[in-house]
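Chemist: If you want the building blocks of each chain, they are given just below.
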Amino acid sequence: MTTLPEEAPPAQVEAHDLKPIALKHPSWWAGSAILLVALASFVQILATNANMQWPVVGAYLFHPEILAGLQRTLVLTALAMIIGLAFGVVLAIMRLSKNPLFQAFSWAWIWFFRGVPPLVQLIFWYNLALLFPTIGIGVPFGPQFVAWDTNQLITPFSAAIMGLSLTESAYAAEMIRAGIQAVSGGQAEAAASLGMTRAQSLRRIILPQALRIIIPPIGNDTISMLKFTSLVSVLALPDLLYSAQMIYSRTYQTIPLLLVATIWYLVLSTILTVIEHRIEKYLAGDHLPGPARLQMAWLKRLMWRTGRVERVA
Amino acid sequence: MTMAHALLRVERLSKSFGRHRVLDGISMSVDTGDVTCIVGPSGSGKSTLLRCLNWLEVPSGGVIYLDGVPVGMRWHKGKLYEMTPNQLAGQRQHMGMVFQGFHLFPHMTALENIIEAPMVVKKMKRQEAVQEAFVLLDKVGLQDRADYYPRQLSGGQQQRVAIARSLAMHPKLMLFDEPTSALDPELVGEVLGVMRQLAEEGMTMVVVTHEMSFARDVADHLIFMDGGVIVEAGPPSVVLAKPQHARTKAFLARVL
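Chains as they are written, first to last, in our numbering: chain A, 1 to 313; chain B, 1001 to 1256.
Bound conformation, chain A alone:
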């Protein structure tokens, strides 16, 4: 074994005056060069391939039919998430309950709706009339008071909302359960020792802390949901994708219209990502005194402080 001879530093130089010369990274340069060439050729293909028909893309990007589809996609995403999360909270609390029946129900619900593909559910809900021709309200095993024709209740839209939100409820329940469980048991004990009821402790102490943990996966799920909504095209519900499909089935401009849909999906998911990061940053900035806290205040009030002042007064 040979060791490099230790070179003596030149005289009259103090070590702390020195800044070492930065390492060169030749492999970075080589890798970057390869990537840049690949990127350039990709851009060249995109720009020069006449089949992309960029002028057509431009013409349809803000087409009323596309914009109407875009709006429907947004409504579907928002509604499915809101309903899914609401069910998810209830399911998570049932799953954590000491009542074995609640636990089992929640487990079975999650097992079913997480296991059945959303596409299968959409078609199933849409064809519910084949299973139950009428739906009514009445006494279980007893008389019915009101009844509706299932075919009138189940529209493509309501079937889509059911399929998407029930799937979401199963995922949301698991996320919320994990969030609640991640809050230390000491927090619940401290709340209990102060005389808070379980509901008060959950609402004021546990859920606000769990929320911080749940926000990133909820953001993730919202972006997934945005994309899942494209499944509703099988129900002929004119969302963003189906609107594009309807146009290209008339004009045969398949690629440019798929590009239009792609661009809008990317724009929306980018916006959602930015919003999610903002909320995350707000929640994390909670521990800072001063301005960060003030900015946070409205969000906190909105989410878990509402109503208290009025009730006290």
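Rather than coming from a laboratory, the hints here were simulated on the basis of the structure.
What you are looking at is a predicted structure, and each value in this text was computed from that prediction instead of being measured.
Fair warning: there could be bad hints in the mix.
Pulled a few chain A residues facing chain B out of the computed Cβ check, cut under 7 Å [to be verified]:
id: 1; residue: Gln71
id: 2; residue: Ser193
id: 3; residue: Pro208
Ideal Cβ placement from N, Cα and C applies to all residues, glycine included.
Chain B: place on chain A using the hints.
Modeler: Just chain B, lined up with the frame of chain A:
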């Protein structure tokens, strides 16, 4: 009933985790204004005893009376029923608890931690609760830290806020579960100082602790526990100076 004056009375309390018997027939009583310190080797059941007192741990047997009323249970038409969670919550308001790990609410400032329970549980007006909270913060020497979040406070400061948070409910009794065990040695003094002051003001306290000097100086009663039973109890001057039991002697030889 005799001993009607005892604020807290424990009768033949036992607790098992599975087949492991942690508490085995504990009987004790605490008078109003008394400070009772519970000492003993780890695993002797002291913390479990304290947690049973406010039913954070449900006893396997025995009865605890607070002000003559059974804790966690209630008489109804000659039968003893388990309390509903909300009834239990109502009872717990009267017993403040300070934990080894502080357990402040991390999403709230020191002030918000203190006003939370008075506002949510007692429906106190915010302004009133804040006023009281500042008096309590002053008492624990942290008025200038009102707007700090727990993670911006030292362990000693967090524990003092936790004490103020418990006091805000005006409990009849304060339970301390090894309040200084998680603290750096130089921070222990500030927490013990606050507890000393509370004792002087006449607060009834049950303190599980390893701080023998605190027990000697402040306690009216010292209880030595080992193996889930009370081995020896009495005034600290007697128990510490002339321990009767071999187990007490061995323990004191190790810690003093």
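Chemist: All hints are to be evaluated individually against the structure, with a verdict given for each.
Modeler: Hints and how they fare:
1. Restraint check, glutamine 71 of chain A versus chain B: the minimum CB separation of about 36 Å is more than 7 Å; hint violated.
2. At its closest, the beta carbon of serine 193 of chain A sits 4 Å from a beta carbon of chain B; the interface hint therefore holds under the 7 Å criterion.
3. Because the beta carbon of proline 208 of chain A sits about 5 Å from the nearest beta carbon in chain B, less than 7 Å, this interface hint is met.
Hint violations for this structure: number 1 only, all remaining hints satisfied.
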